[in-house]
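A.B. asks: Go by the hints and put chain C onto chain H.
Protein chains in written order, with our numbering: chain H, 1 to 726; chain C, 727 to 888.
The set of hints was computed from the structure by calculation and includes no laboratory data.
Please read all numbers here as calculations on a predicted model, not as lab measurements.
The beta-carbon is built from N, C-alpha and C at its ideal position, and this holds for glycine as well.
There may be inaccurate statements among the hints.
Quick list of in silico lysine-lysine cross-link-like pairs, PhoX-like style, CA-CA up to 20 Å [said to hold, decoys possible]:
(1) K819(C) / K615(H)
(2) K515(H) / K315(H)
(3) K199(H) / K781(C)
(4) K649(H) / K615(H)
(5) K155(H) / K189(H)
(6) K263(H) / K239(H)
(7) K781(C) / K798(C)
(8) K733(C) / K781(C)
(9) K738(C) / K616(H)
If you anchor each label on the Cβ, the simulated ranges turn out as follows [what the hints assert, rightly or not]:
(10) M768(C) / K616(H): 30 to 40 Å
(11) K616(H) / D797(C): 35 to 45 Å
(12) T853(C) / D556(H): 42 to 52 Å
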Amino acid sequence: MSANTTKQTSRRDFIKISAQTAAFLAIGFENLANGKGVKVKNMAHEPHIGVEINPYVLINESGKVTLFNARPDMGQGTSQSIPMLIAEELEVRLDQVEIVTSDGSAKFGSQLSGGSSSVSTRYLPMRTVGAAVKEMLVQAAANQWHVPVSACYAKEGRVYQKNKSISLGYGELVASAAKLPVPTNPILKNPADFTQIGKSIPRPEIPSKVNGTAKFGMDVVIPGMLYASIAHAPSIHAKVKSYQGEKAIASQGVKFVLKTERKMPHASTEAVAVLADSYWSALKGKRLLDIEWESTAADDMNTEKYFNQLKEAGKSPGFEYKESLTGDVNKAFAGANQVIEASYQTPFLAHAPMEPENATVYVQDGKVEVWAPVQGPDSLVTELAAYLGIKKENVKINVTFLGGAFGRKAYYDYVLEAAHLSKQINAPVKVVWTREDDTQQGPFRPGMLSVMKGALDAQGKVLAFEHRLNGASILNQVFQVPIDNAPDPWAEEGINLPDSPYTFPNRRNSFSLVKTKIPILWWRSVYASTNLFGQESFIDELAHQAKKDPLAFRLDMLAGSPRFISVLKKLAELSNYQQLKAQGKAVGIAIARSFSSICALAIVVEKQGNGVVIKKVYSVIDCGVAINPRNIKAQVQSNITMGLTAAIKNEITVVQGQTQQSNFHDYAVLRQGEIPEIEVFVMTNNEAPGGVGEPGLPPVAPALCNAVFLATGKRVRTLPFDISNV
Amino acid sequence: MSKYSIKLNGKKHLVDVASDTPLLWVIRDEIGMTGTKFGCGMGLCGACTVLLNGKPIRSCSTPISSIKPEDKLISIEGLSTTSSHPVQLAWIKEQVPQCGYCQSGQILAVASLLDSNPNPTDQDIDTALAGNICRCGTYQDMRKAIHAAAKSMQSQSKTKSK
Chain H
1 MSANTTKQTS RRDFIKISAQ TAAFLAIGFE NLANGKGVKV KNMAHEPHIG
51 VEINPYVLIN ESGKVTLFNA RPDMGQGTSQ SIPMLIAEEL EVRLDQVEIV
101 TSDGSAKFGS QLSGGSSSVS TRYLPMRTVG AAVKEMLVQA AANQWHVPVS
151 ACYAKEGRVY QKNKSISLGY GELVASAAKL PVPTNPILKN PADFTQIGKS
201 IPRPEIPSKV NGTAKFGMDV VIPGMLYASI AHAPSIHAKV KSYQGEKAIA
251 SQGVKFVLKT ERKMPHASTE AVAVLADSYW SALKGKRLLD IEWESTAADD
301 MNTEKYFNQL KEAGKSPGFE YKESLTGDVN KAFAGANQVI EASYQTPFLA
351 HAPMEPENAT VYVQDGKVEV WAPVQGPDSL VTELAAYLGI KKENVKINVT
401 FLGGAFGRKA YYDYVLEAAH LSKQINAPVK VVWTREDDTQ QGPFRPGMLS
451 VMKGALDAQG KVLAFEHRLN GASILNQVFQ VPIDNAPDPW AEEGINLPDS
501 PYTFPNRRNS FSLVKTKIPI LWWRSVYAST NLFGQESFID ELAHQAKKDP
551 LAFRLDMLAG SPRFISVLKK LAELSNYQQL KAQGKAVGIA IARSFSSICA
601 LAIVVEKQGN GVVIKKVYSV IDCGVAINPR NIKAQVQSNI TMGLTAAIKN
651 EITVVQGQTQ QSNFHDYAVL RQGEIPEIEV FVMTNNEAPG GVGEPGLPPV
701 APALCNAVFL ATGKRVRTLP FDISNV
Chain C
727 MSKYSIKLNG KKHLVDVASD TPLLWVIRDE IGMTGTKFGC GMGLCGACTV
777 LLNGKPIRSC STPISSIKPE DKLISIEGLS TTSSHPVQLA WIKEQVPQCG
827 YCQSGQILAV ASLLDSNPNP TDQDIDTALA GNICRCGTYQ DMRKAIHAAA
877 KSMQSQSKTK SK
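Okay, chain H solo, but in the shape it has when bound (with noise of 0.2 Å):
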């Protein structure tokens, strides 16, 4: 077995390991929340070995090494990518390890799955780990064999002395490496001695999702756990006013019906559940309440309303963003010749991830249990911790695989619900999401709306250059942070400085905080996702304006910037550009950096009657150091995918509190057939690896548009828009 199935299972069987074993090595390090550096503690002496401190590789005297992975796998490989910087240094190969994914508890610092972070914050420490981890071995055989360290190397498991057919295994070694010291300060391997690192390795999970074995949320199963459903109100925020549950109680197979609440950062709103022996069960009953709904304040929620606000909120600056202001835009506007605005609104989106959301969770004895599809184990344990009034090292999260999340499950409402319920009868509780929960309950991306306005010189140079960000604000509504005189930190990705070296001689970046009490939270690339439509789809229109060629136009105003320089031509010769435009075909581009890689796109449609069809998807991503270039590629499908479908397909909206979609049918997410044909190519080179699960979604929708103006002489400034109907 590689990757993990079932999360209780193995953490029983390490237990009986470290019972039985005597001797054996667990390793880990304190300080990863806070960065500050690396520190190795051997932790062979603890009385609970591997429970105490950090541990993330156990090797035990037989010779099993067991690597632990504190990044959740929503799809995007982290069940691979993060061990695979252990083994690498560890000089062990993957499919000789099991891989655990860790259990929330605090040895493990930060566990978050989020803003495509995994590997670029953890490619050195983990690297680290595997390195001082050999370094004992290696350390102990050279002892045993009476030779220096420098006589003997580890390869694949095992110690071998040079020039000798002499070995011994990490299992034989462990017992004697135990009682070393642990370096400080091991010496990382050459990249180019890379044997694992940068090589497309086929994923260990794979084999497991092709045959049904795979553990996602959905599937665990408890002794004695009741199933639930719950009613929640049709306008998010209602309140139960009264409900009549006896039909339901009477249906075969209901147990309980509860009045029950669902517990979000900014809000609490009340529910009824139905608990049954059988999830079928439990969802008929739901359908025999009869509740009555209580309104409250927060239905006005409306979306249209929402953005009248935002155009209202637009039409001024809003606060500045300090760090990318330049020059004196005020002034250079006053001045210029050519003064373009333009207005790009992206809407509402939920995250539909395949597999509804769901948790089982027992409460017992002031302890709780949950096995669950959650991004972050660390931080649900601070929250349920919280919610239940209990001690943290009472909260266990067994972490199942995740069927998609893409924000979704960083979000734990579905889980307060089951321990809310579990606590009530002393039992496990499993709650299943219906697709209608996931679709009209939210968390959804928040609307926003860009409002640019740009100035040309005579040249057709870009003179100054407005961004004004409005709308609402995650760092308010989910994590409760006042944003009250100054611009919200979060919303400025991938239109910061950083994100976006454009030479505008005169800059502002400025936001408007729009509060809804609509749930919102990050989608796939977050701002970047909504921010990078209205900034490089107005730098299209500026080009156009000056008469110049978008791609030119943009190389001009990044010539300090010499990696987005090289993904923009590499992707011009990836795409034919100066071919297809001399045939006169439209290709629209686009590049963004965010979660610190870059990434662009060229997309060519062609004209059908009163649209436009996708022809072909060029992509070209600069993400540092490549992990799995097999994976990346799939990852940037995964994220054109994703950013089609929300170019052409859906949106949420809000309508007197309630969200008109519901389910696949009216919430359409692109099909087989609907997908053009897309070209990845990777960039290869040694600076430090970047984020991969959402850099490929921000230019997306902007080459979209851009290509589409090529074609059809319209601009398309609001999204979603209508492929066939432009």
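C.D. replies: Showing chain C alone in chain H's frame:
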């Protein structure tokens, strides 16, 4: 509650459930095979796809009462005993799955397609898979894997016929 006899993956199962229980929940909760997934509950996404006498159906919207005892049902667990069906092998070779949640349904739909159409065109693939959503967007890798599986099945059958 009524008793039903169904044949899943070549094995007979007796279940005692309400007549409107969707086949999906019978397979998952009663028989305990969880490779078949719940995605939408309305037959819109295809995550719950199983084969009924060789043809893909959406088990989330197929009541148990519509299944006859002699019907042959195949779920992902029954496609092969050792993950060695050519479609499964192609899926591994092309590294198709990302989150993997929709893949049981995709693989069964493809197995059925190749059974009746050993050399499908891209258009055939689009039609056969129109009912199966993949939110991760593995569509292009699936298409590659389908063509590869078709090729390997054809060369296998040629070898057999020789």
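A.B. asks: Hint by hint, say whether it matches the structure.
C.D. replies: Outcome of the hint check:
no.	hint	in the structure
1	K819(C) / K615(H)	violated, 27 Å
2	K515(H) / K315(H)	holds, 17 Å
3	K199(H) / K781(C)	violated, 39 Å
4	K649(H) / K615(H)	holds, 17 Å
5	K155(H) / K189(H)	holds, 13 Å
6	K263(H) / K239(H)	holds, 13 Å
7	K781(C) / K798(C)	holds, 10 Å
8	K733(C) / K781(C)	holds, 15 Å
9	K738(C) / K616(H)	violated, 49 Å
10	M768(C) / K616(H): 30 to 40 Å	holds, 33 Å
11	K616(H) / D797(C): 35 to 45 Å	holds, 44 Å
12	T853(C) / D556(H): 42 to 52 Å	holds, 47 Å
Violated hints, in rising order: 1, 3, 9; the structure is consistent with all others.
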